[in-house]
Each structure stands twice: as C-alpha cells, then as structure tokens.
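**Student:** What follows is the residue order along each chain.
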Amino acid sequence: MSARRLLAWAILIAAVLFFALPLIGMFEFSLRARRGTWSLDAYANVLKDPQFLGTLAYSAVLSVVTIVLGILIVVPTAFWVRLKFRRFRPVVEFITVLPLVIPPIVIVFGYLRLYNTSSWLPLTGSTTGTDLLLSLGYVTLSLPYMYRAIDNGLGAFDLKALTEAAQSLGAGWGRILYRVILPNVLVAVLSGAFITFAIVIGEYVFAALMNRPAFGPYMVWTGSNKAYEPAALAVVAFGLTWGAMGLLQLAATLSTTGLSKTRLSKTRRTR
Amino acid sequence: MGHLDLVHLEKAFGATRVVEDFTLSIAEGEFISLLGPSGCGKTTILRMVAGFESPSAGAIRLAGADISGLRPRERNIGMVFQSYALFPNLTVRQNIGFGLEVAGLPKPEIAPCVDEMLALIGLDALGGRYPFQLSGGQQQRVALARALAPRPRVLLLDEPLSALDAQIRVSLRTEMRAIQRELGITTLFVTHDQEEALSISDRVVVMNKGRAEQTDVPFAIYNRPATSFVANFVGALNTLEAVIENATGGHVRIADLTVPLGRQLQGQKGDSIRLAIRPESFRHGAGAGGDIVLPAVLEDVHFLGSVIRIRARVAGQLISVDSFNRPDQPPPPVGATTALRLSASDILVLEAS
Ligand SMILES: Nc1ncnc2c1ncn2[C@@H]1O[C@H](COP(=O)(O)OP(=O)(O)O)[C@@H](O)[C@H]1O
Ligand SMILES: [Mg+2]
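So the protein sequences, as listed, match chains B and E. Residues in the first sequence are numbered consecutively from 1, following our numbering. Residues in the second sequence are numbered consecutively from 272, following our numbering.
One or more of the hints may lead you astray.
Said to hold, decoys possible - Just a few of them, taken from the derived set where beta-carbon distance is under 7 angstroms, the chain E residues facing chain B:
1. PHE323
2. ALA336
3. GLY340
4. PHE352
5. SER354
6. PHE358
7. GLY370
8. TYR401
Keep in mind that the hints were calculated from the coordinates and are not lab data. Backbone N, C-alpha and C fix where the C-beta goes; we use that ideal spot for every residue, glycine too.
Generate the whole structure from the sequences, applying the supplied hints.
**Tutor:** See the structure below:
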C-alpha cells in the first residue's frame with residue numbers, strides 16, 4: 001500500500017471517529033440509567049412520557065402541512081419561472097436562499113410583529129392561526145431545499161415541449177400542472193419533502209417563540225431537566241432523521257435506476 | 272378561401288423580422304410542406320397557427336373564422352414535435368387518450384378511440400408500455416396518434432422525422448402520408464429535407480428568410496423553380512457562366528460555344544448570366560438525343576449502382592452529370608472526351624443573385 005493510500009485511510013478513519021465517537025458515547029450513556037448495568041430504562045421513560053408522543057405527533061402533522069403548502073407554492077412558481085420568466089430566475093433563486101442567510105430568530109420576530117393580535121391579520125390570536133403561522137414559517141425555512149430540488153427536477157425533462165403538447169391537446173394550466181408536471185417531478189418533490197420533514201422535526205426557535213408544543217422544544221426541555229433521557233431522546237430523534245434521510249436515499253436510488261432503465265432500453269431498443 | 276388561410280402573416284422578435292408577408296391558403300384535406308433552410312421561420316409559422324406565438328400582423332383563418340385571438344387549447348389543432356414530447360409518466364394508451372380525456376369524454380368511449388388509433392399506427396400490442404420503452408420511430412407514431420385522437424381540425428408537424436435514422440425516416444413518412452390521406456386531415460408539415468417535402472406533399476412552400484419564395488406542386492417546384500434560391504435549394508444543380516450573344520434570339524455563349532436557348536432573354540449582348548442545369552438533364556453515349564451538344568472531358572466517374580455520377584469539365588467549368596445504369600452501357604473511362612446532349616428546355620436561366 002502506498003504512503004498516499006495510507007494517508008487517505010488515516011484521514012477517513014479520523015473523520016469517522018470524529019463523527020462516530022460522540023454518537024457512540026451518547027448511545028452508551030443513554031443505556032446507563034440503571035446503576036451498574038446497561039438497560040433501556042431511559043428509552044422506556046421517554047416512550048412512556050405522553051409529551052413525547054404528543055409533541056412528535058404535533059410536529060409530524062405540522063411537517064405534512066408544511067410539505068403540502070411548500071409543494072403548492074414551489075411547484076407552480078418554479079414551473080412558471082422556467083417556462084415564462086427565465087430572466088427572473090437569478091432573482092427567484094436569490095430570494096429562495098434568503099432563509100439560509102437570515103437567522104430564524106429574525107424571521108420569527110418579523111412574523112410576530114406582522115401577525116400579532118393587534119395587527120391587520122391577528123394569526124397569533126388563535127391556536128389554529130398560530131399553527132398555520134408556524135407552518136408557513138417552516139415553509140420559509142425549507143424553501144431553499146424545496147425550491148432547488150423541484151427546480152432540478154423540472155430541468156430533467158423538456159418542460160416547454162410537454163406543456164405545449166398538453167396545451168395543443170386542450171389542457172388548461174391546472175391539468176398541466178397536476179397531470180403532466182407534478183408526476184414528472186415527483187421524485188424531486190419527495191426529496192424536498194424529506195428534508196422538510198427533518199427540518200420541522202428538529203426545529204426549536206420558531207416553535208419556542210410561538211409557544212407551541214412541538215418536538216424541538218420538548219427535546220430542549222428534557223435536556224435541561226433529566227439526566228439519561230435526553231441522550232435516549234437524541235438517539236430517537238437521530239434515528240427519525242436518519243429514517244427520513246434513508247427514505248430520501250431510497251427515492252433517489254429508485255429514480256436513478258428508473259433512469260438507467262431508460263438508458264438501457266435506449267441502447268437496446270430495436271426498431 | 273381555403274380551410275386554413277394564412278393572410279399576410281408577419282412576425283418580429285424585437286427588431287428581427289422572422290416571418291414576412293406570408294400568405295398561404297390550404298384546402299381541406301391538403302398536405303402542405305414548408306421547406307426551407309434552418310432559421311427561415313418555418314417553426315415560427317407553425318407556432319403561430321398553433322397559438323404559441325401571436326402574429327405581429329396578419330390573420331389566421333380556420334374555416335373562415337379568425338382564430339388569432341384564441342388560446343392554443345381552444346383551437347383544436349393537433350401538433351407533433353420533433354422531440355416527440357410524449358408524457359413520460361403516462362402509458363402509450365394514456366398518452367393517446369389524453370386529448371379525449373381533456374375533452375371530457377367518458378372512459379368507456381375513450382377506450383375504443385384509443386384502440387382505433389393504436390391500430391392506425393400499427394402498435395396494437397404496445398398500448399401498455401411507457402414512452403421510454405419504445406424506439407424513436409414508435410414514439411413518434413404514438414405522438415401522431417395522440418395528436419390525431421381528438422380529431423383536430425388541422426394537423427401541424429414540426430420536423431417530425433428529423434430525429435430518426437434514415438431508413439425509418441423514409442418508411443414513417445410514407446406511413447404518415449397514408450394515415451393523413453385516410454383521415455383526410457388538413458396538414459401543415461415542416462421540414463428542411465427537400466426529398467421529404469417533394470415526396471409526400473400535395474404542395475410545397477419553399478421558404479427563405481421568412482418569405483415564401485414559391486408555392487406549387489412538387490413537380491413544378493423541381494422542374495420550374497421560380498427563383499434562383501428555389502433552384503439551388505431544391506435538388507442538385509449545375510451552374511454555368513455564360514454571356515448573352517443575342518438577347519431577343521436567345522443565344523448565349525459559353526466560352527467559345529454558342530448555345531441557342533430558344534427563348535427571349537432579359538439584358539443585352541455582353542451581359543453575363545448564369546445557366547442552371549439538373550445533373551439528370553444531360554444525356555450521353557450512343558443514341559442520346561437533344562438539340563444542344565456540349566463537348567466535355569470526364570474527370571471522375573462514380574458508379575453508384577442504379578446511378579452513374581460523372582464529374583465533367585465543360586468549357587473550363589466543372590459540372591455533375593447523372594445517368595441511370597444500363598447493363599449494356601458500361602461507364603465511360605476517366606479522361607475520355609464525350610458529347611453531352613441536352614434540350615434547350617432543360618436549361619434554366621437564373622436571375623443574377
Ligand atoms: N422566441 C424567439 N425569440 C427570438 N428569436 C426567435 C424566437 N423564436 C425564433 N427566433 C428566431 O427566428 C428565426 C426563425 O426561427 P424558426 O422559425 O425556428 O426557424 P426554422 O424552424 O425555419 O428553423 C431564427 O433566426 C430564430 O433565431
Ligand atoms: Mg424549426
């Protein structure tokens with residue numbers, strides 16, 4: 001083995017240890033709730049806590065609402081920009097990365113100022129209103145990922161020709177979006193959706209400042225009040241996020257095998 | 272008044288005029304080709320008829336009614352694209368049925384229509400496949416069926432065969448023409464391939480720089496080109512430089528040969544003009560007829576099977592001569608001198624260009 005390869009391996013192993021050790025340590029710590037032996041007591045406590053399932057369910061429902069709203073906003077926008085307003089693409093791309101640049105705390109204060117009980121649209125006056133506002137905030141947070149994913153998806157086929165073909169067959173915009181565009185960007189939409197799910201499950205700032213019972217604040221509260229349970233909770237949250245990532249990977253793999261199938265059949269095709 | 276009338280159509284993108292004063296009347300059931308080099312505005316005309324571009328001036332009338340104000344989806348005009356543009360997420364059947372579904376036809380009525388279309392394009396067995404499981408030629412047939420299924424009032428085809436390889440191109444164009452005849456659908460076909468246009472069209476419009484240079488039946492386009500652009504673009508053409516000897520008598524001089532053209536010429540003695548002759552107009556060898564004789568030196572002889580292609584020098588100018596192969600007449604040897612014969616009526620006089 002050459003010195004270069006050795007170095008490469010050393011760097012790889014160091015990197016793996018750097019990321020893995022804290023996780024292993026955390027996992028090991030989460031098993032120590034019972035003195036002198038390893039046990040799953042901390043996990044049992046976490047799962048027993050009604051707040052755990054309550055906040056998790058709340059965040060999960062919120063993430064689904066966020067994903068649906070995000071799709072409804074982003075798909076038509078990205079479609080329209082690609083089809084008719086190519087000139088404005090840089091502008092729209094800039095706007096979509098703003099949530100990465102502006103700290104969430106600033107965004108949420110902006111929302112609270114705009115939609116508080118004495119404003120023109122008092123969304124925070126009711127729980128439903130606050131939930132909606134929170135969801136819309138999460139749409140903003142996931143916008144950079146959602147937009148990029150869907151825009152890439154739209155670039156993978158001849159958008160203009162398909163749209164015109166559908167138009168010449170009599171289809172209106174709604175049908176074109178629903179029957180032609182959306183099915184062809186579904187994989188891209190899925191990957192955007194999973195990232196959104198991961199963001200919403202772990203988010204703290206928005207939920208805490210709007211005082212809603214989401215999973216993020218629950219994790220933080222547990223962290224400052226219990227000993228072993230936070231580690232167990234972190235492992236569970238980590239597992240959930242990885243589950244979402246795994247699904248994303250699966251969707252991506254399925255789509256690429258779909259693509260290679262296309263390619264194969266092209267090279268193999270007969271007249 | 273025809274079925275589809277394009278009246279003084281104009282289209283400008285910014286300051287560039289892409290289509291200029293384009294007028295064409297298409298009868299019901301007629302198959303018309305727009306033929307011209309890339310960038311001459313063929314696609315733009317088709318897109319104006321389909322409604323994807325709006326004309327800068329002029330009118331588009333379908334069955335007498337102006338359709339310029341209608342949206343593409345309100346026109347009921349079928350379109351086939353070079354890139355097929357099949358919906359990748361739908362099967363062949365669903366693709367073909369798309370227009371019928373949009374039109375609000377109930378499912379049980381869509382199925383027999385789709386079956387009929389599948390039979391028409393000869394793909395009965397492939398209805399369940401997705402577009403990526405089909406060859407290019409099959410995809411384009413599905414695209415044709417999809418466009419025809421809602422019984423459009425006009426069919427537009429934008430270079431539908433350009434992405435296919437040569438063999439399929441020829442067989443599919445014949446098939447398309449047969450289907451068009453069977454359905455009697457008014458068709459506007461765009462191509463830059465002259466053989467394609469000449470072989471399947473009722474009439475051909477030769478276009479150049481956004482204008483129609485000549486609109487006529489293929490036989491006339493080829494044999495009586497109205498402009499030098501048409502003469503050069505359609506078919507192979509030899510040009511010979513000549514000088515007018517006698518304008519009213521129709522005599523010209525090619526080097527030291529005097530040639531009677533048998534028609535009055537514009538210009539006067541001493542003016543130089545260009546004569547154009549198709550490679551297949553020359554005859555040579557035993558028994559060749561023709562009132563004009565040009566001595567030629569053979570520089571190159573290509574035996575292509577059914578055709579013998581000769582490069583010959585006439586009065587210092589290189590020309591190309593095509594003749595059919597005949598078993599009793601072997602190709603002449605390179606370097607030989609021969610007499611090329613032709614009729615005065617085979618010579619086109621090109622205006623200076
Ligand atoms: N949307 C457009 N904006 C600006 N120029 C265009 C547009 N569409 C076509 N053109 C120009 O118009 C000319 C004719 O194009 P087109 O109709 O596509 O030609 P053809 O189909 O004969 O090749 C070309 O020079 C092309 O660059
Ligand atoms: Mg074109």
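**Student:** Tell me the numbers of any earlier hints that the structure contravenes, in ascending order.
**Tutor:** Of the numbered hints, 2, 3 and 8 do not hold.
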